[in-house]
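K.L.:
In the order they appear, the protein sequences are chains A and B. Under the numbering used here, think of the first position of the first sequence as 206, with each following residue one higher. Under the numbering used here, think of the first position of the second sequence as 3, with each following residue one higher.
No wet-lab data here; the hints were simulated from the structure. Since this is a predicted model, take the numbers as computed values, not measurements. Note that the Cβ used here is the ideal one computed from N, Cα and C, for glycine as well. Be a bit skeptical, because a hint or two may be false.
What follows is a list of derived Cβ distance ranges for each label pair [what the hints assert, rightly or not]:
1. P308/B - A337/A: 49 to 57 Å
2. S279/A - R8/B: 36 to 44 Å
3. R374/A - Y316/B: 47 to 55 Å
4. S279/A - F33/B: 34 to 42 Å
5. P308/B - G316/A: 23 to 31 Å
6. E395/A - K217/B: 37 to 45 Å
Lysine to any residue pairs mimicking SDA-like chemistry, simulated, CA-CA at most 20 Å apart [unchecked claim]:
7. K324/A - G191/B
8. K323/A - L180/B
9. K273/A - G287/A
10. K323/A - V181/B
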Amino acid sequence: MTTQDLLVIDNLIKHYDGLLATDDLSLTVRKGELHAIIGPNGAGKTTLIKQLTGEIPSDGGLVSFAGKNIKRLSEPARSHIGIARSFQITSLFQDFTVLENVCLAVQAHNGHSFRFWKKINDDTTLTDPARAILRQMGLEERADTATAALSHGEQRQLEIAVALATKPRLLLLDEPMAGMSREDSEKLVEQLNELKQHYTILLIEHDMDAVFSLADRISVLVYGRAVATGTPDEIRNNEEVRQAYLGEEA
Amino acid sequence: MSLTPRQMINAALLVILALLPFLTDWAGDSFYTGLVARILILAIAALSLNLLIGYGGMVSFGHAAFIGVGAYVVGIGAFHAFEDGIDWMLNGYIQLILAIFGTAFIALIIGAISLRTRGVYFIMITMAFSQMLYFTAVGVETYGADDGLSIYSRSDMLGLIDLNDEKSLYYLIFFSLLVVLYLMHRLVGSAFGNVIRGSKSNEARMRAIGFSPYKYRLTAFVIAGAIAGYAGFLMANLNDFVSPDVMHWTRSGDLIIMILLGGMASLFGPLYGALAFLMLEELLSSIPLTIGGLRVGEYWQLLFGPLLILVVLYARNGVDSFLPGARKSP
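Here chain A stands alone, though its shape is the one from the complex (with noise of 0.2 Å):
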């Protein structure tokens, strides 16, 4: 590996009684690059994603993160390491507000929460890290809504925003658009865009137009292998991957 690489994935592995969810999958991904993933469904990209944050314990392989192997770590202690990942299916505290939910994760980065007396909500030490984040992603004056009443494009949006809280170094996106109408989802390209400037980032997509004028890079993932990487124009062109994959759709 060299210095540019933040997230080294090889010969990983998880089975589920027999089927090869990950099947001996080597990625890299570089940092400052936007590295897309695309599959047919099952391919096992959720997976993937699941292994990387430490939600579930993979079978053999190595990950290694900024150089250092980080099999043993719990998934809290991958956040704390710089891992943030947005959920495919949004997973936020529904019964808090906006601002709420993007101070908590402020909040999980900001020491210990053994504080049982200061008031929270008017610590501008969180406040001000997440309206300035809410700005980021468009949802300032949604602030002090109920995370409930939001439209589901604004909960995807908000899904990012709690992942941003969390000063990640690498950005685990998990099907950022899933479920967004057109006129949502080109908001949303305009926003990875943005973020894509400050952000090393991972992100899995099953809408081509986005990934293909986002990504740096692209791998190709089938049956838990990685069958091809490379940049936009050369996944487009290659062959294996047009039958695969692409050819499907094409």
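Knowing the structure of chain A, use the given hints to seat chain B on it.
P.N.:
Same frame as chain A, now just chain B:
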């Protein structure tokens, strides 16, 4: 400072409770002071349990055991002071420290194990632990086994407050309630409370953003246990009696019913719930109607059950949903 209608109702309730001993004096019937004192003690315990259930989503089904432990500290202290002449065991401050820290320690052990489980398993395991404490109390002959233990001497507060005076005891209970209400208010709104509520709302996301909910939940469990232990200290002094019955799992169920009746989404809910629960018990069991030789009042639970079902079905936040400015039921 202007109060919302809801805050005015809450404040009015507290004022009535503050004046109660004088109101009953004036009415010439001090029975109700004792009844309300009992309600307030249970309200303190229900408030502490609501930190777990209402705010933390941890349905602990053994909370009454902590009340029992606190009460037995007073009972056992009085027993040895009376039988063996060990005077320091009657010292209210020593009893208080033992009741609070003793229950905190027991809650730490029970919580450390129980909180590794979720849902129905958590309910069952907390109930199992409380039953272990219940049967321990039943088994100890020295302290009266299942007949219980009469307390011949209330905690000696060394002249600061005389617990033998019913009014003084009532005000100690009332001020304890105020303190616990304020404590809960601060706790829920603090960084710690935020983690507890977030872990109820979405544990998967909590872990993803970097929280390990376990240690926070365990802390909440210990705090709630210690407050219930304190309620037990008050309970023993009020009743002059303690028996294993206070620890039985059905007593823990009563506390949960109080929370359901009062509304678990609000600070004052458990207080309203405790009031509603014991008032209804008092009211329904004194129905003078007799059908076929059976006094209806004796089977008050037959009426209470359907009422509870109605509350759960149509007023998810109990009494709280009838107060102005109620949050919509989830």
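K.L.:
Would you mind marking each hint as holding or not holding in the structure?
P.N.:
Results for each hint:
1. Remark: the range hint 49 to 57 Å for P308/B to A337/A is upheld by a beta-carbon distance near 54 Å.
2. At about 42 Å, the CB distance of S279/A to R8/B agrees with the hint of 36 to 44 Å.
3. Restraint check, R374/A to Y316/B: a C-beta distance of roughly 51 Å satisfies the suggested window 47 to 55 Å.
4. The hinted window of 34 to 42 Å between S279/A and F33/B is violated, with their beta carbons roughly 57 Å apart.
5. Distance hint for P308/B and G316/A: a CB-CB separation of about 50 Å, inconsistent with the stated range 23 to 31 Å.
6. Evaluation of the 37 to 45 Å hint for E395/A and K217/B yields a pass: the beta carbon distance comes to about 41 Å.
7. For a cut-off of 20 Å, the pair hint linking K324/A to G191/B stands: about 5 Å separates their Cα positions.
8. For the hint linking K323/A to L180/B, the alpha-carbon distance of about 19 Å falls within 20 Å, and the restraint holds.
9. Between K273/A and G287/A the alpha-carbon distance is near 12 Å, which keeps this suggested pair within the 20 Å criterion.
10. The straight-line distance between the Cα atoms of K323/A and V181/B is roughly 16 Å, inside the 20 Å bound, and the hint therefore holds.
In terms of the numbered hints stated before, the structure departs from hints 4 and 5, listed from lowest to highest.
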